[in-house]
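Asker: With the hints as constraints, model all of the structure from the sequences given.
Respectively, the protein sequence lines represent chains A and B.
First residue of the first sequence? That's 1 in the numbering used here, and the numbers climb one at a time after it.
First residue of the second sequence? That's 1001 in the numbering used here, and the numbers climb one at a time after it.
Hints listed in this document are in silico derivations from the structure and should not be mistaken for laboratory results.
Possibly wrong hints are sitting among the right ones.
[Said to hold, decoys possible] What the simulated footprint calls covered on chain A by chain B, stretch by stretch (three residues with Cβ under 8 angstroms from a Cβ of chain B suffice, anywhere in the stretch; the number is not a length): (1) 120 to 131; (2) 296 to 310; (3) 324 to 332.
All C-beta atoms, glycine included, are put in the ideal place defined by N, C-alpha and C.
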Amino acid sequence: MSHKETDNSTKKDNATTSRRNFLKKIGIAGAAALMSDNASADVSAGSSNPDAEITASEWLQGHFVLMSDEEKKNAIGRLEKRYTAQYGKKTTVSDAPPLEGVLFGYALDISKCIGCRRCVHACVKENNQSRYNPVIQWIQVMKIPRGNFAFSAEKLNEGFPKSSAMGDYGVQVGGNAYAPVGGLSVEHADSYYPADEKVPDKNFFYVPVQCQQCEKPPCVKACPVRATFRDPNGVVLIDYNWCIGCRMCQLACPYQARHFNWGEPNLPAEEMNPKTHYFGNRPRMRGVMEKCTFCLQRTREGRNPACLEACPVGARKFGNLLDPDSDVRKILATKKVFRFKDEMSTYPKFFYYIG
Amino acid sequence: MKLQSAPVTIIIALALLAVVAGGLALVGGLDIRKEKNPGDNELAKAAATAQPVTNCFESRETYSAVARTENVVPQYGYPNVKCSNTTSGVLWYGDPFDGTIPMGEMPKVADETQGDFVNAVVKPREPRLTYFNMGPDGCATCHNGTIVPFPKDKTPRLIGMHQDIVANSLQLMHGRGALWCLDCHSATNRNRLLDRRGNEITFNQPQRLCGSCHGEKYIDWREGIHGKRIGEWKTGGKKRWWVCTECHNPHTVQTIRFQPINPEPPPPLPRGMKIADYVRGDQSAH
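Answerer: Quick look at the structure:
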């Protein structure tokens, strides 16, 4: 009896401690199966999926931040090899480290923005988003009528609790009770204004919204696996390989800045940008989140983000918030500045100003 | 019989049609992952695979034209610019310094608004001016004192030429009636502009002329607050600056402050959304 019990418990222990190993074995077995499949496929269809071992080791790789240099090198090598084969051009995946003494900040002049959406499409050209089915764009431009608050001033004296069929429970009806808040529902904002109307319309102003790179990012708090994190330069990043696609961060974000790859991304090879960064614009897979990274692959090498370079009116400014001579700091010092949804206490490093 | 057969055939045909249509509907209904906005996807697909646009413009159409050149950055196979397929606006710079020259000497100002001009480059304006490029000597090809005599004084008068630039020289749409051609253009050297102190200024440095009146904006521009610049974000880094006339038309600012343009195409509506302005369309609680 006692012997049997001990036997059972040791068995159980073994089962729990070796779950990870067990999964590893399954992974390797699966990879082996893939490899054999591939070997036959390679003969007929060239190297569409060049290395099945890549897939196995990629499945088992850890969080990129916690990897050793050796593991990072291997991971980068795997990706470069695969992307180069997949898109038919020499692709580099950088793992350039964060810069010293830099806190990135962004400023956008809403009095200059004309709503031309060039930033949106520049971002798509730079960052290898899925072009169709699903269409993923990291910036959305809100067109907002001038002179409206999120509630109606005429309705301020309406909407007191009234008795209803349910009884006198003080159900609030009318007034501003149904005026939308939350989400991006700034009243009457329209992010889908058509391409055949002229911009700017003088009765509207235009507010581009992208990831605000919060100091207190709700998405980072929501992520159950810490796949998304804030890097030392203040940019919120995602390890796409570590992301499990639960979309909690998407729900947590008040700016609709996070986008989910519902299907296999469709990125034409000739449109693909071969200069990538591991946390930045490398092509994503199905079922992971993605978002603006302030063009990590550019800014860590000193260049401006693509949306800034595309803006035809110079409404966008980017720089180091710790450098008092940077454009952004001068704007913060001299212009009227606000942050979008300040009341959410997310402390964005994306500032809107009136120049 | 003949009279009856026609309606019978029609009924049979209709029944067949109904069966076929029903079958199609069934197939369509079973495919639950079918995209709701196929039109948008088709458009995006077409735009993504279309031939690249080669004649583009930066800020102002016809005033800041730029041609796409392939493989300017061989390491990544980048062209100098990528442009929009719908508006031909420049969207993306492979090489931000393509076709630029150093900004040139900028005057020091006594206060703290020293600009970050060490590594400043600009795109020269002279190659983009229509009349300037009509002869070997620029504007002086005609305005050399013999073909077109120099004006005797600066008194405003009606001119018979260049009406595509300024329709009526007595009503210049800049300065609200206080300015005339020769307040900015040199009377004797048409290849140069002239500031209020009589200094000759090239067309590549219009900021030195504009700044002599628009001091507030000029200070903002020198500081890096007003205007566009691309390249490196670091203070002291290499940057391409946009000069005044790349965005503003000095001859029409008073009437046309900004020429409205067409935006790039919008994203497709989210699945299930019928109209974009849902807030106005749906007044019920949500």
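Asker: Please go over all the hints and tell whether each is borne out by the structure.
Answerer: Hint check results:
Residues of the region 120 to 131 of chain A with a Cβ under 8 angstroms from some Cβ of chain B number 6, which satisfies the need for three, so the listed coverage holds. For a cut-off of 8 angstroms, the count of residues in the region 296 to 310 of chain A with a CB near a CB of chain B stands at 8, and the three-residue condition holds. Chain B is given as covering the region 324 to 332 of chain A, and this holds because 5 residues of the stretch bring a CB closer than 8 angstroms to a CB of that chain, at least three being needed.
Checked against the numbered hints given earlier, this structure breaks none of them.
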